[in-house]
Every structure is written in C-alpha cells, then in structure tokens.
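*Asks:* Kindly generate the complete structure, drawing on both the sequences and the hints.
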Amino acid sequence: MRETDRLILRPWRVSDAVIQHELWTERDPRVPPHRRLSADGHPSVTDLKERIRTGSQPGLLAVELRSTGEVIGYCGVIPRDGSDEPELAYELLQRFWGQGYATEATRAVIGSVRDHQRLWASVRDWNTASRRVLAKLGFVETGQVEPDAVHGNSLLTVLEL
299 MRETDRLILR PWRVSDAVIQ HELWTERDPR VPPHRRLSAD GHPSVTDLKE RIRTGSQPGL
359 LAVELRSTGE VIGYCGVIPR DGSDEPELAY ELLQRFWGQG YATEATRAVI GSVRDHQRLW
419 ASVRDWNTAS RRVLAKLGFV ETGQVEPDAV HGNSLLTVLE L
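Start counting the sequence shown at 299; every next residue gets the next number (the working numbering).
Read the hints as simulated data drawn from the structure, not as lab findings.
If you're wondering where the values come from, they're calculated on a predicted model, not measured in any experiment.
Take these hints with a grain of salt, some might be off.
To be verified - Here are the computed distance ranges between Cβ atoms for each label pair:
#1 T401 <-> E458: 16 to 22 Å
#2 Q442 <-> R304: 29 to 35 Å
#3 H340 <-> Q442: 27 to 33 Å
#4 T426 <-> R334: 18 to 24 Å
#5 S452 <-> G396: 20 to 26 Å
#6 S410 <-> A337: 35 to 41 Å
Unchecked claim - SDA-like, lysine to any residue: derived pairs with alpha carbons at most 25 Å apart:
#7 K347 <-> R333
#8 K434 <-> R304
#9 K347 <-> D314
#10 K347 <-> V312
#11 K434 <-> F394
#12 K347 <-> A387
#13 K434 <-> S420
#14 K347 <-> R300
#15 K347 <-> G367
#16 K434 <-> Q397
#17 K434 <-> L391
#18 K434 <-> I306
#19 K434 <-> R393
#20 K434 <-> E458
#21 K434 <-> E389
#22 K347 <-> R311
Just so you know, even glycine gets a beta-carbon here, dropped at the ideal spot from N, CA and C.
*Replies:* Here it is in structure tokens:
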C-alpha cells in the first residue's frame, strides 16, 4: 500500500471489478483488441471479479481518492517481457484525467521501486497525455519503437533510478 496527499494505492478488492470494467469500456479504439472489451462483452464484471479473487494482476494497485474512497484507476509495476527489470503501468478513468492524479500515483510507485537500476514504460505514440506524464517523471524515450500501423507505434521509455 502507498499513500500520497490525495491518493491511496492499495490491493484490488473484488468490489472494484466494476471500476476495472469501466476502464475497459473507456479505452481508445486504437488500443489493441486484447486490451478492449470483445464484441460479446468480455471480460465481464464477473470475469474481472475472478481475476481479482485469484490474484492474476500482481503489481497493479487500485488508485483510490483519499477524500472520497472512490477508485479512479490503477498504477503499479509489472514484469517487463524478456527482462528482470520492472515496467510501470497505469490507467485512470477519463473523468479524472488532467488533475495530476496519474503523475502523483506514478511518483508514489516509483518511490517504492527498489533493487533495480531502471524502470521501463511503453506508451503508444498517439498517447500524448501519458507521454507528458512520463516526461514529467523523468522517463526518456529510448528510440526503440515497436511498429504497429494499426494501433500506433509503441515507444519504449526508461527512467534511471
């Protein structure tokens, strides 16, 4: 668990599945299909409850407003494919964008990363808001790009710790 002036970052509760589902429904249509709701509505709230119950999302914490207890998204570190170094991941409900919550939550997570020299983050080239958050935190674009003509290129960024 992590705390900031305005936020509490805590493990997911089964009751938070509704918020996770809302995040899935709000995703930009350019996001790859495996990260969006399928045509038949999966993952459903029931699917997401089961994922929370079984702990299949290690490293990602619910981001909760201290003032209201409302969950507004997630933030955390996940294993980076092909590396023993962690990758930052975060997503907030759209109604909470532009209020500094993503920067605040990610700073709290970065402060908890120990025993690593670097923290990575990948971001779609069209996601200017996330690119600004990462730049504020000191992440630098590496020049490594995973091309994707359909969903937008993924840019690899790194923060030296």
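*Asks:* The structure should be examined with respect to each hint, and the outcome stated for every one.
*Replies:* To see whether the hints hold, each was checked on the structure:
1. Restraint check, T401 to E458: a C-beta distance of roughly 18 Å satisfies the suggested window 16 to 22 Å.
2. Look at Q442 against R304: about 34 Å separates their beta carbons, and that is inside 29 to 35 Å.
3. Our hint of 27 to 33 Å for H340 and Q442 holds, since their Cβ atoms are close to 32 Å apart.
4. Separation of T426 from R334 is about 20 Å and conforms to the stated range, judged on CB atoms against 18 to 24 Å.
5. The supplied range of 20 to 26 Å is met by S452 and G396, whose beta-carbon atoms lie about 23 Å from each other.
6. Checked against the given bound of 35 to 41 Å, the beta carbons of S410 and A337, roughly 38 Å apart, stay inside it.
7. At most 25 Å may separate the alpha-carbon atoms for a hinted pair to count; K347 and R333 meet this at roughly 17 Å.
8. For the given pair, K434 sits about 18 Å from R304 by alpha-carbon distance, which is consistent with the 25 Å threshold.
9. For a cut-off of 25 Å, the pair hint linking K347 to D314 stands: about 8 Å separates their Cα positions.
10. Restraint check for K347 and V312: satisfied, since their Cα atoms lie roughly 5 Å apart, inside the 25 Å limit.
11. At roughly 18 Å between alpha-carbon atoms, K434 and F394 fall within 25 Å of each other, so this suggested pair holds.
12. Taken as a hint, the K347 and A387 pair is honoured in the structure, with Cα atoms around 20 Å apart against an allowance of 25 Å.
13. Between K434 and S420, the direct Cα distance comes to roughly 15 Å. Compliance with the 25 Å bound is thereby established for this hinted pair.
14. Between the alpha carbons of K347 and R300 the distance comes to roughly 23 Å, so the proposed pair stays at or under 25 Å and holds.
15. For the hint linking K347 to G367, the alpha-carbon distance of about 19 Å falls within 25 Å, and the restraint holds.
16. Distance check on the hinted pair: K434 and Q397 sit about 14 Å apart at the alpha-carbon level, within 25 Å; holds.
17. Between K434 and L391 the alpha-carbon distance is near 20 Å, which keeps this suggested pair within the 25 Å criterion.
18. A distance of roughly 21 Å separates the Cα atoms of K434 and I306; the hinted pair therefore holds under the 25 Å criterion.
19. A threshold of 25 Å between alpha carbons decides the hint, and for K434 with R393 the separation of about 21 Å falls inside it, so the pair holds.
20. Proximity of K434 to E458 is assessed by CA-CA distance (about 14 Å); at most 25 Å being required, the pair is judged to hold.
21. For the given pair, K434 sits about 16 Å from E389 by alpha-carbon distance, which is consistent with the 25 Å threshold.
22. Between K347 and R311, the direct Cα distance comes to roughly 8 Å. Compliance with the 25 Å bound is thereby established for this hinted pair.
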